[in-house]
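Make the full structure from the sequences, and use the hints.
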Amino acid sequence: MLKENEINIGDTHTATLVEDLKRTQIVQYAGASGDYNPLHTDEIFTTQVAGYPSVFAHGMLSMGLTGTMLTDYVGDGALKKYGVRFTNQVWPGDTLKSTTTIVGIRDQDGERVVDLEVVTTNQNEVPVVTGNATAKIES
Amino acid sequence: MAVDKFLIEASHIMMFARSVGDSNPIYHDEEYAKSSELGGIIPPPTFAQSSAQFDPEYFLRPKVGGDGWFGSGKEATGSKPSSGSGGGGGAAMGLHAEQHFEYHLPVKAGDTLSATTKPGKAWEKESKRAGKLKFSESVTEYRNQNGELVITATGVGVQTERAVDS
Chain A
1 MLKENEINIG DTHTATLVED LKRTQIVQYA GASGDYNPLH TDEIFTTQVA
51 GYPSVFAHGM LSMGLTGTML TDYVGDGALK KYGVRFTNQV WPGDTLKSTT
101 TIVGIRDQDG ERVVDLEVVT TNQNEVPVVT GNATAKIES
Chain B
1001 MAVDKFLIEA SHIMMFARSV GDSNPIYHDE EYAKSSELGG IIPPPTFAQS
1051 SAQFDPEYFL RPKVGGDGWF GSGKEATGSK PSSGSGGGGG AAMGLHAEQH
1101 FEYHLPVKAG DTLSATTKPG KAWEKESKRA GKLKFSESVT EYRNQNGELV
1151 ITATGVGVQT ERAVDS
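So the protein lines, in turn, are chains A and B.
Counting from 1, one number per residue, gives the positions in the first sequence under our numbering.
Counting from 1001, one number per residue, gives the positions in the second sequence under our numbering.
If you are wondering where the hints come from, they were derived from the structure by calculation, not from laboratory data.
Certain hints may be false.
Stretches of chain A that chain B covers, calculated by requiring three or more beta carbons in the stretch to come under 8 Å of a beta carbon on chain B [said to hold, decoys possible]:
(1) 20-32
(2) 43-49
(3) 52-62
(4) 117-129
Beta carbons: idealized from backbone N, C-alpha and C, even for Gly.
In structure tokens, the structure reads:
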């Protein structure tokens, strides 16, 4: 868990979430999450029927990958809140980098918490996930 | 979505964590997790989404036998969109626009959750990249075996008029 005397508003943490995203990782996520929408794993359906250039990642895979960066930073079991918007699709071959920034330190229900902004971008610096989170900290 | 029993199981957590690129031992190493402050294996923050596995009616999973599944087999689609349905046939489909989780109480491997979903707000917007967008919100409450609210998940889905331009 983050310690209050070691953090400041404006602090950031950045991590590379995935390099050259493989279709197989999307299949892995489909199997684990139970979301078998063919848009994510069925190239023939997605290109010939749905009209997309290729399969693309579940939004929830991008949110899950981003969550890994977040929990690596704030610690296990510390999140109180985590929410995102899916701003652009993530395609096989993409490399994703994510940054979280401390934007607030405050009390909530008798605990000390940090408010964080989160943004995940692809190799073209296009944001694919933007959001925010709140996490418990040690005072 | 209504799920009576969403079993929080260590092997499922391990597979889910792998799929989101997370090698943190809190998600797969029982000894490590037991000796941690949390006292056991916990699920990653977006794990609640996998309650779909426990929804008998979940529409994005092929039925046993594969009947009615709309993905490719011999043909590019298993269920043909009706002609003249408008909105670009198979391209008119749902995408995930937003997802929010609130964590009220800890969840651990060994817990059994239940989930109930109710509709939230709905709104429309015009977009250059995908035509008319119809947004709708759904709010899912997850309770543990003691009936305590543990997670609130709010999802926003969007129906696009056509495939999104990239």
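- [ ] Can you take a look at whether the segment 43-49 of chain A is actually covered by chain B? Rule is 3+ residues, C-beta closer than 8 Å.
- [x] As far as the segment 43-49 of chain A goes, the hint holds, because 4 residues have Cβ atoms under 8 Å from chain B.
Task: Coverage criterion applied to the segment 117-129 of chain A (partner chain B; beta-carbon cut 8 Å; 3 residues) - done: Three-residue rule not met by the segment 117-129 of chain A, so violated; n is 0.
Open item on the list: So is the segment 52-62 of chain A in contact with chain B by the C-beta rule, three or more residues under 8 Å, or is the coverage claim wrong?
Closed with: holds (count 6)
- [ ] Please count how many residues of the segment 20-32 of chain A have a CB within 8 Å of a CB from chain B and say whether that reaches 3.
- [x] holds (count 5)
In summary, the structure is inconsistent with hint 4 from the numbered list given earlier, while agreeing with all the others.
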